[in-house]
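Number of protein chains: 2
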Amino acid sequence: MDEILKAVLERVRPTEAERRRLQRIAAKLIRRVDDACAKLGVSARAMLVGSAARGTWLRTERDIDIFILFPKELPREELEKKGLAVAREVAGRKRKEQFAEHPYVTTKLDGFEVDLVPCYDIPEPSRIKSAVDRTPHHNRYISKRLTPKLRDEVLLLKQFLSGIGVYGAELKIQGFSGYLCELLTLNYRSFKNVVAAASAWSPGTVIDLERSYPDINEARALFAGQPLIVIDPVDANRNAGAAVSMQNFATFVRACQDFLREPSMRFFFPKPVRLLSSREVRAIMKRRGTALFCIAFKSPDVVPDVLYPQLRKTERTLSTNLARAGFEVLRSDVWSNDNSILLLELTVARLPNVRIHAGPPITVGVGGFVEKHLHSKRKFTGPFVDDAGKLVFEIEREQTDARQVIEQALTKRAAFGRHVAEALAVKYEIYEGGQIAEFCRDKKIRKFISEYLTRCLPWYR
Amino acid sequence: MDEILKAVLERVRPTEAERRRLQRIAAKLIRRVDDACAKLGVSARAMLVGSAARGTWLRTERDIDIFILFPKELPREELEKKGLAVAREVAGRKRKEQFAEHPYVTTKLDGFEVDLVPCYDIPEPSRIKSAVDRTPHHNRYISKRLTPKLRDEVLLLKQFLSGIGVYGAELKIQGFSGYLCELLTLNYRSFKNVVAAASAWSPGTVIDLERSYPDINEARALFAGQPLIVIDPVDANRNAGAAVSMQNFATFVRACQDFLREPSMRFFFPKPVRLLSSREVRAIMKRRGTALFCIAFKSPDVVPDVLYPQLRKTERTLSTNLARAGFEVLRSDVWSNDNSILLLELTVARLPNVRIHAGPPITVGVGGFVEKHLHSKRKFTGPFVDDAGKLVFEIEREQTDARQVIEQALTKRAAFGRHVAEALAVKYEIYEGGQIAEFCRDKKIRKFISEYLTRCLPWYR
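Sequence order for the protein chains is P and D.
Heads up: take any position in the first sequence, counting from 1, add 5, and you land on our numbering.
Heads up: take any position in the second sequence, counting from 1, add 5, and you land on our numbering.
Just so you know, the hints here were simulated from the structure itself, not pulled from any lab data.
Some clues are possibly wrong.
Same chains, same names: a pair is fine if it fits in one copy or spans any two.
Dumping the calculated DSS-like pairs for lysine-lysine here, alpha-carbon to alpha-carbon at most 27 Å [to be verified]:
id, residue 1, residue 2
1, LYS11, LYS101
2, LYS318, LYS432
3, LYS449, LYS384
4, LYS382, LYS154
5, LYS452, LYS318
6, LYS154, LYS113
7, LYS99, LYS177
8, LYS448, LYS303
9, LYS101, LYS197
10, LYS318, LYS384
11, LYS395, LYS452
12, LYS86, LYS33
13, LYS303, LYS177
14, LYS276, LYS384
15, LYS33, LYS87
16, LYS154, LYS87
The whole structure should be built from the sequences, with the hints applied where relevant.
This is the structure:
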């Protein structure tokens, strides 16, 4: 195992030259922020945060996060205005303005993605005004404790998580943030220890570095339903592992179990998904024998953290509607770049006209139930009593065709998420069965469909 | 309501002439038994039991039950031998020998069905050697208490139960026995009172005429799971309502509720089921859009009380097998005369090749599960982790065709019941969809299918 880890480290750890280069660029950015503040008469200071600041960036990561710290007395409106002005001055023309809790600016410099984020400089983390104000505290907490040896352990963990597909706290991924990797490493002191511990985790695991909760059950109750609970050392009311979904939690645990049993580079650097040809897509779909529906529409102009939750909500709503209409959803997925795709796979696309409609148990007064259906045109048979003593009718199924159910939901657009609903209101296409293989001429879409049709944990590929 | 009840009574109560005729025939039979005993040198005596003895027979009922009581010291073998000899002598040539707990003989005399049943004459009902020995005690208990007025009330209850389709404790019906009707009438003192009380019954209702259980919950616990518990006055360990299924219990309760709301002759004399033409059968089946399977085979030569439980067991086994294979059974039924029929109606008859195969939650060690499927030819995708954190594979479905599942079960014949299994081993036919309309040329079968396709509580017809 040690040889594997050594080899991984050699591949993912930035070289001294790379580190120096990043430091140079970061210093330049800080200087520019200071200059801009002076020029605009703004009282603020720049701070390099994130993995670049702590030396825990993977060679493939090219992000520099610069926070612009304002005095806490400044009204929020002023902060937003002045913060944006400074950031714009620094970023120049090639900038993009983003809106999370605060507005912030992204740009590119010398091949790096640069985030310029205004925030308040609040010494006491419990008094912060918004989530971004917490970041400088995270930075101080980690920087103070992370030795060069531990930095390497963080890199191993990050690459492991990246390899198994659960690295990143953004809502598209719902995985482990860089900060979470650092906390886990600080807690367990080495990558190997993290893996050994995590292989025995079960949902509701609590890690509390600063022993903020004398009783661990208190923490568990506070963050009930979250599989991984890592108390944020700078704010005991926050779970630094809140982003980790049950699926990704379980994936990580399984990966750790498998890695311990048989360590391999595959976990860090899995084989890429093989891109299927359109012909292969068609053949696999035929062999599966299911009813596959692909709903495509132009992506609304919002960031992934806004888009993905809405796509998943829409996916859930459609699945629920289909299930309620009697259709079994085998699997579903979402995907997005310029276009967004909702994929729904059903065991069958058509159900018979008749369905059972059960009332309450017969010993309950059920007058209205009988009167409602007795002379209905939609009645097939009934009322009669089933084995369990319930009064039932057989009535006409409202929708016998899954496509009908989908189209009706897409017309109604209830519980879809605002931006997705708006985009779907403009236009959408439904591809079905063989049409999907056609639709797969677009290579990016074919990649998504390939991944869907050959779905597998990365290290088993 | 009183007018309705009066009209019913006039229709179902035997005339004085009819009563006298039955008494004459019964007396003749008793004499014949006594003569046969004398002739064969057997020490036994005859007793008229059942509704004929108590004056609670419906005009349409033509049963006379004669019990032949033997001294309790006689060994069982002797009783069976001598009992059969006497019964044969009485019945003459036109007899049939039946085998329940004891052997007994049935014959026809002057248009009546006569049962000649040997049993022990045991004064203390708690010491009886078999269920038939209890009958003379029932007879005495009821005869002693039933006034002429109450006899009419029993007739009303019997006809009501007959009209709504739940009269008869035999296993084909699983309804209310004549004895149970008498007990309910004794308890509530009138038909109207029975109906009023039953309309508020819920499963687990206990009726204990002799207050054999100081605590009613004790009785409920003893007969747990039985919807109607009527403690047998002659044997507190027996539930006289044990035969009543949940379905029939609920049907009776509902009928009582409806009758109270709107009394009508329909409850006592419902419209008969309309016999559909083959063309109508075909049209309804097409409109339903389901997959209907009809398995037909020659009925084994056993009494209905043996056959029906086996048919229902086979029906359940087939339904379970289909459900386990992923098919949804909408409804099913059984029927029998010379031929037996198992009817199974599915929402769809074909499922796709692929199915989800979920393992235990990933945090449980699931080594074997992965190894078993990872390189299986039947694997489509996987392993991957689902939303709930379970490891899943998509694998090939064993059976994609419902007919396959049925045929396989009919070849294996596990959990079918002995006689049904033996009959199916000889030969069977499966009719499917349109073939069933053909099969319905047989009018009796068409009647069964008509009832199935227009199923409805009798008083709503």
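Status of the hints after comparison with the structure:
no., hint, in the structure
1, LYS11 / LYS101, "neither (39 Å within a copy, 91 Å between copies)"
2, LYS318 / LYS432, "within (19 Å within a copy, 54 Å between copies)"
3, LYS449 / LYS384, "between (48 Å within a copy, 26 Å between copies)"
4, LYS382 / LYS154, "neither (76 Å within a copy, 46 Å between copies)"
5, LYS452 / LYS318, "within (23 Å within a copy, 51 Å between copies)"
6, LYS154 / LYS113, "neither (31 Å within a copy, 102 Å between copies)"
7, LYS99 / LYS177, "within (25 Å within a copy, 84 Å between copies)"
8, LYS448 / LYS303, "within (17 Å within a copy, 61 Å between copies)"
9, LYS101 / LYS197, "neither (40 Å within a copy, 83 Å between copies)"
10, LYS318 / LYS384, "neither (35 Å within a copy, 30 Å between copies)"
11, LYS395 / LYS452, "between (50 Å within a copy, 25 Å between copies)"
12, LYS86 / LYS33, "within (23 Å within a copy, 114 Å between copies)"
13, LYS303 / LYS177, "within (18 Å within a copy, 63 Å between copies)"
14, LYS276 / LYS384, "between (56 Å within a copy, 19 Å between copies)"
15, LYS33 / LYS87, "within (20 Å within a copy, 117 Å between copies)"
16, LYS154 / LYS87, "neither (40 Å within a copy, 100 Å between copies)"
Violated hints, in rising order: 1, 4, 6, 9, 10, 16; the structure is consistent with all others.
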